[in-house]
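Now that you have both chains on their own, put them together as the hints suggest.
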Amino acid sequence: MTELISALCNIDGTSGDEIAVRDFIISEIDGFCEWKTDALGNIIAFKKGKKPSAKKLMIDAHMDEVGLIITDVTAEGFLKFKTVGGIDISAIMFRRVLINGETAGVICGKPIHLIDKKEAEKPPAADSLYIDIGAGSKSEAEDYVNPGDRAVICGEFTVSNGNMISKALDDRIGCAILIKLIKVDSEYDFYASFSVQEEIGLRGAKTAAYAIDPECALILEGTTAADIAGTDEGLTVCNLGKGPAVSFMDNSTAYDRKFYNAALKSGILCQPKRAVAGGNNAGAVHLTRGGVRTLAISVPCRYIHSSASIANINDCENAYELARYMLNGICGGEIE
Amino acid sequence: MLFALSDADAAGNIREASDLAYDMLKEYTSAEKCDNLTVIGFLKGESDYTLMLDAHIDQIAMTVTNIDDNGFLTVAKAGGIDIRALPSRRVTVHGREKVTAVFCATPPHLARKGVKYTDISEIKLDTALGERAKDIISVGDLVTFSAKPQMLKGSRVTGRSFDDRAAVACLIETAKRLSGKKLPFNVAFVLSDGEELGLRGTRTAAFKINPDEAVAVDVSFGDGIGIADTDCKKLGKGGMIGISPALDRGISNKLISIAKEKNIPYQTEVMGASTGTDADMIAVTREGVRACTLSIPLRNMHTEVEILDIKDLEAVCELLCEYILAGGVKDD
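Residue numbers (my numbering), protein chains in the order written: chain R, 1 to 336; chain D, 1001 to 1332.
Hints may be right or wrong, so weigh each one.
What the hints assert, rightly or not - Cβ-Cβ distance ranges computed for the label pairs, FRET-style:
(1) GLY1226/D / ASN146/R: 22 to 30 Å
(2) LYS1044/D / SER139/R: 35 to 43 Å
(3) GLU1032/D / ILE200/R: 54 to 62 Å
(4) LYS1044/D / ASN10/R: 48 to 56 Å
(5) GLY267/R / MET1151/D: 48 to 56 Å
(6) LYS1234/D / LEU98/R: 20 to 28 Å
What the hints assert, rightly or not - Below, a sample of chain D positions facing chain R; criterion: calculated Cβ distance under 10 Å:
(7) TYR1022
(8) ALA1078
(9) ILE1081
(10) PRO1087
(11) THR1106
(12) HIS1109
(13) GLY1114
(14) GLY1154
(15) VAL1157
(16) VAL1284
(17) THR1303
Stated by the list, open to error - In silico DSBU-like pairs for lysine-lysine, Cα to Cα no more than 35 Å straight-line:
(18) LYS1026/D / LYS1044/D
(19) LYS118/R / LYS1044/D
(20) LYS1153/D / LYS138/R
(21) LYS1237/D / LYS1181/D
(22) LYS117/R / LYS1098/D
Rather than coming from a laboratory, the hints here were simulated on the basis of the structure.
Note that CB positions come from ideal geometry on N, CA and C, so glycine has one too.
Looking at chain D on its own, in the form it has when it is part of the complex (with noise of 0.2 Å):
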């Protein structure tokens, strides 16, 4: 479910993840396709308290401003990307059909005095079409990565865009467990748009379902050479569960006994603020929304090649069962 999900693209006016991820929900919830690429599945409980349950459905993204006459590109960020790893890159710019170009990478002779990374308009994209890119491809046109996912050893796999369909894979996951349960409350997962472009999917989806409390799920930052321990979580250590001024200190207490309780691995993540996360806008929603984190541990994001570890999927899927199952903050 995770590389299929990644292995399709999510951005703009690019809906494969979004459709995929529709076809794979409604298998196990009432699921409509709201606003652009956001999808919300819904679980009826019990009473009418209602959890959300959020991931975001885009990715980081490029798109093009400029094409020039022997076809190469200019393109801007949708989202945070190292550009200083772009050039000889290949990336797919998705215009009338699907196009593999590469980042120009500034040639030997002319790097001698070193380069620097200044802005992305400055890096070009090579369509190697000459004068035919004009024919196939157009300003506002998405780039997109293109790194296939892949198995490494022990449970580990890398890919792209497991920011965030390793969380929506963990939704799917849920909403599969849960259905046909007896639940105390009203659950609905939200698979939500914008998330790299300044949480905004969430927004009006939060707004739409008001929920009673809520958990979005993301990657956080993984453990890896010359990253603070106090920066990062180990891989293969379960999820991390969010601790912040911005967040529901109710919600963090209750999924941390809930771990420790049923044996779940976990990790917590203490942040100082705002968590970046879509977390930050639905607790701002209307009057108000207890809203936590969970994440998965991730190496290397917003590149092509993410690596996480399965088991921390697992371990996920398993505390937001339990957790929901025990009422979450409903009676607290």
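Pulled out of the complex, with its shape left as it was, chain R reads as follows (with noise of 0.2 Å):
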């Protein structure tokens, strides 16, 4: 799986420009489901089962990736930009970029030594900042690069430890998952939705759930793990190792209470997320139509929205077997 994750995390897709990311899901997943587009990019997929289901399931995960948009190119040739999603500026500041896939910058800013002491307590205001390919003027920039045109901070895949060190983790982990529960023969059929959009206010899940119109659904995702020096043991949220996180409740979303005891007593390492924080597809999926009973199974991720995200491989293992688990349980009907 690590491979997988490596290949999908290297691809950029910012929100609203996952098609590079949606061709290779479709390279992965064309011939193991029947799947369709929609209109907003989404893919929609039906994995035939052995069986039929017991209820109509939908596992979701998401394919776009923060980063930026570019708004302007100035007199000089610099690029101003705007972050699409939620990104830090510390994350951004003098981050190397990659634009359209092809054109290399840098994000500039002032150097400490033009900084007085005050002024370098606090992170700069995001229009402060800056993006330089090397052009020396508008016109040689605009010959790479035009407003609408996206970046994403550069932040290559390497594995340390046990431990995947990347940009894009969330929510390519997900998709990994996701792929992989399409490709292995299924007992029971069910639905996926690889949606777009999810960092900029969950908007493809809402139209794929339409779509699809489950009585379940199951997100896959990343979430914020704070298990990090300096952190109060209350407030770490989850831990890396410890197996996928399954939340009672965050900002978005109140979960299927039956589910998420299922999931603790499934005997597969998992944890319960320790904070109504953060929120995922799940906002949009539980609310469709007339309601679905919905679970998110999160892998915990440091430094989450970064170009150094850190994950933990067996926590991604782990997260496909409870999905696997799940899948079955609620396709069978043993989990009620």
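The structure is reproduced here in structure tokens:
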């Protein structure tokens, strides 16, 4: 699975521009399921199992990642930009970027020598930063980049000590798990959505869930792990290496309690998400039509939404196992 | 050459860049490895007069001051670093083996009140090694940025440690061009250590060489949005000839007149007092040395994404060669 996650993470696909990720996923799942794409760009798939399902289940993972959108080119040939999705300023200051998957650039700011002590304590305003691609003028820059083009903060996938360090782990891990679920033989029929635009307001999942019209849903995600030095025990949310986190509640969803309890009793290494924080596509999916019973299975990620998120490989394997357990339990009728 | 020098590290006891620069310099000069990281190359001329060219080989770095049981490190700065840009940045820890580590970022649910950046010791470094960290990493080990150099559009490039490897590259290139030529005087090429820690290495090197005049080649602030025109010079418009009360005006004037005469692009950089470069130290060595600066405009100084224009390196090399062949200020 690590190889698959690596391949997915190294593709660029900011919200609203997921085509390269989508094409890769289609090349993976084609032949293993029926699939189509919808008007927004979601992939909606149907996996035929050996038996019909007791309940209509949808499993979702989002394809998009946070990034930048170019808004303007200055007279000097610098690029102005806005963030797409929630990104901390410190995660973009003095970073290398790749625009349209081909043009290298650097996010510039004032060097430390020219900043007074007070200014140095606060992150700079996002609009004081700009991208330099090496162009000496507006017209030279416009040969390569135009407003509306997308950029990602570079963060190549690496493995260290059983952990993965990369950009886009949120949510290419979920995509990898879902691809794997589709590619193995399934006991039961289920639907899958690889959705767009999660990071800008859970937009893709909304239309995907409407189209699928499921009774139950599993959301495969990455979530904040704050198990880092200096965080009080009570605020760590979840820990790397202790299995996927399952949520009872977050900022957008109160999850199905029976699913939550079934996950914790599955015997597969997992942990409750110990905070009411964050949100994911469950927020859109569980309110679809007459309501959908929903559970999120989230892989703990440190430094989520940065170019160096860290997640544990075993947690991904356990998330896959838990997703499979829930799939069989819900579709087989064992999980009420 | 610049890319190879940028991608090697030199700070504290890490000698990669020093060793690489020595191997390059010994092709063209009689070169020797000196104290710590310093490398000195020497070209004999036709008089006893000696010009010293200086560029520092060391780079900004950090050093490990504590290792906790969960594999998180506390580090101290060795050189000026903007700590606001550290969270979620990957760096290399030079332990028993090289380890990729990531500076902790405050998780969103804890960052609502805003984060204040006051001291680097508050931003822990995550090795993701857990308790194994202590087997591989020791207190005192160095931590360096890790971005690889890369071409941008036009003649611009980006990478780490261009401060001052760009100048090191200029000195080696200058040695190459002067090697085998009849020189009016001796030229010492000093790749010095400890600049980022307070101009330390050049002090002993200048004492040893006892030069008659010196030019320190360093980097200075390139232009960018929000940076006052008075604080910077433009990339691609040539090297910045230093003018300051602490520098020798004769050398500044001679560099300017040679640049004009030979049609080499240049800019001037006027400073109010000391220059913050090795020139300050060289000038007050022994009985005093006539010293000046020649600087390469650089964006994002002290980050791993410094940017410069290759045209400026070419202009600096040309100016140094022409200046030396014209006899410097030997007869002025």
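Please work out if LYS1153/D and LYS138/R have their alpha carbons no farther apart than 35 Å. Between LYS1153/D and LYS138/R the Cα gap is close to 13 Å, so the pair holds against 35 Å.
ILE1081/D as an interface hint toward chain R, with CB separation required under 10 Å: It holds, given that the least Cβ distance between ILE1081/D and chain R is near 7 Å, below 10 Å.
Against chain R, run the beta carbon of ALA1078/D and see if the smallest gap drops under 10 Å. violated, 14 Å
Are GLY1226/D and ASN146/R spaced within 22 to 30 Å by their CB atoms? Given a distance of about 23 Å, which is inside 22 to 30 Å, the answer is holds.
Going by Cβ atoms only, is THR1106/D closer than 10 Å to chain R? holds, 8 Å
Taking the closest Cβ pair, is GLY1114/D under 10 Å from chain R? Result: holds, 8 Å to nearest chain R Cβ.
Given the hint of 54 to 62 Å, is the C-beta distance from GLU1032/D to ILE200/R inside that range or not? For ILE200/R against GLU1032/D, whose Cβ atoms are near 60 Å apart, the range 54 to 62 Å holds.
Assessment of proposed distance window 20 to 28 Å (beta carbons of LYS1234/D, LEU98/R): holds, 26 Å
Given pair status - LYS1181/D, LYS1237/D, alpha carbons within 35 Å: Holds, at about 28 Å.
For the hint on VAL1157/D, does the least C-beta distance to chain R fall short of 10 Å? At 8 Å from the nearest chain R Cβ, VAL1157/D passes the 10 Å test, so the hint holds.
Take the shortest C-beta to C-beta distance between GLY1154/D and chain R; is it under 10 Å? Holds. Min distance 5 Å.
Cut-off 10 Å, beta-carbon criterion: hint that VAL1284/D touches chain R: violated, 23 Å
Checked against the numbered hints listed earlier, the structure breaks hints 2, 7, 8, 16 and 19; every other hint is satisfied.
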